[in-house]
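Protein chains in written order, with my numbering: chain G, 326 to 535; chain B, 326 to 535.
Some hints could be false.
Since the list gives no way to pick one copy over another, a pair counts as held whenever it fits inside one copy or between any two copies.
Okay, derived cross-link-like pairs now, EDC-like style, lysine to aspartate or glutamate, Cα gap no bigger than 20 Å in a straight line [to be verified]: (1) K487 <-> D517; (2) K391 <-> E492; (3) K444 <-> E492; (4) K487 <-> E433; (5) K464 <-> D514; (6) K464 <-> E433; (7) K513 <-> D491; (8) K444 <-> E483.
What the hints contain is simulated information worked out from the structure, not anything from laboratory work.
What follows is each chain in one-letter form.
Protein chains: 2
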Amino acid sequence: MNIMEPTIPTPERGQRGPVEHERREQIIRAADEHFSRYGYNKTTVADLAKAIGVSSAYVYRFFESKQAIGEAVCAMTLARIDGPMMEIATGPQSATDRLRSLYRWLMEEGMRLFFDERKLHEIVVVAVRDRWPPVLRHKQLILEAVRLVVADGRTSGEFERKTPLDEVARAITATTEPFAHPVLLEQKDPADLEAGMVAVSNLVLRSLAP
Amino acid sequence: MNIMEPTIPTPERGQRGPVEHERREQIIRAADEHFSRYGYNKTTVADLAKAIGVSSAYVYRFFESKQAIGEAVCAMTLARIDGPMMEIATGPQSATDRLRSLYRWLMEEGMRLFFDERKLHEIVVVAVRDRWPPVLRHKQLILEAVRLVVADGRTSGEFERKTPLDEVARAITATTEPFAHPVLLEQKDPADLEAGMVAVSNLVLRSLAP
């Protein structure tokens, strides 16, 4: 699985100024680095401005608040999960293998954030709690990835076709939460996660049998 | 479904003094009332002592800390969920109906805690985060309830018998989390919860078909 180069997302709620301005990108990269190292709460807009050699007022030309910068970093962090996830969902493997890979990818990326990038994990916990738009979009993308795979599996004859596709996609998406939700990952024994994830994906695949 | 009278649990980690002492029961009831009204964080051991007309030192003869009292209240709160849950699991209905009822019961009780008893919901959030023993026991009981129902459904011929029972029980238990975990309930749109819960229980029942 090759990790896609993180892309700078398009402007969001609370972001100002010329869309393609390279300063905007620079601010987001500085924020990503600062949040990764010091955490979202401990970083101020003044810290970010200082890091790239501009005034706070200048930063505010691009983002109306620290949260707006946080949302951009969160969107970039989730894009690192979502890009390969959509690659898996549209890949050449069987639908069965793709569904297994989706569960594994979501769990492994969730754990990577939690163990290797704890400070970015913190911002995602806040973002999920406060339903920031990048999180809602991430959830929507998981649902779309699952729907794509299930639809392909119906076409190929791997999966049953009687149950409404929307109902199945929604249910499967819910069953990824115990292995992908940042707060649940914090609370679980990592040794149990893998076995639980495999057990759930097996259960779901038995459910999809024609 | 009749709600069982909450029972005072047996002494736990951090609790002292004669087991059956009625003062112990009185402290737990006062704490339940105080935590429900003012929240766990804002209640002190001195508040509880005052409410029942004894000294703080006297309370410490029974509980070594406020958290020990919190654990007892948490155990009582969860017992209100677990008692009827085990009644459902061992009831006369078909295994299929019992499994549906388990999902519904866990979701409705989780929402009742969150909406009607917000202050007790707070203590459960802390208890889940910090893995207090009553929470671990509650999770173990959910697993046992699920295992019982699945085993009965295998005996009655409602469910398949090929997959290891432990694996199935574990997977089903994980799929209740999106509708029963206190933090996830906080973050979801109540209107979506019901439909999601029904979709997941349908998915699981298709998976159990012989």
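Check your understanding: Going through the earlier hints one by one, which of them does the structure break, listed in rising order?
Key -> 1, 2, 3, 4 and 8
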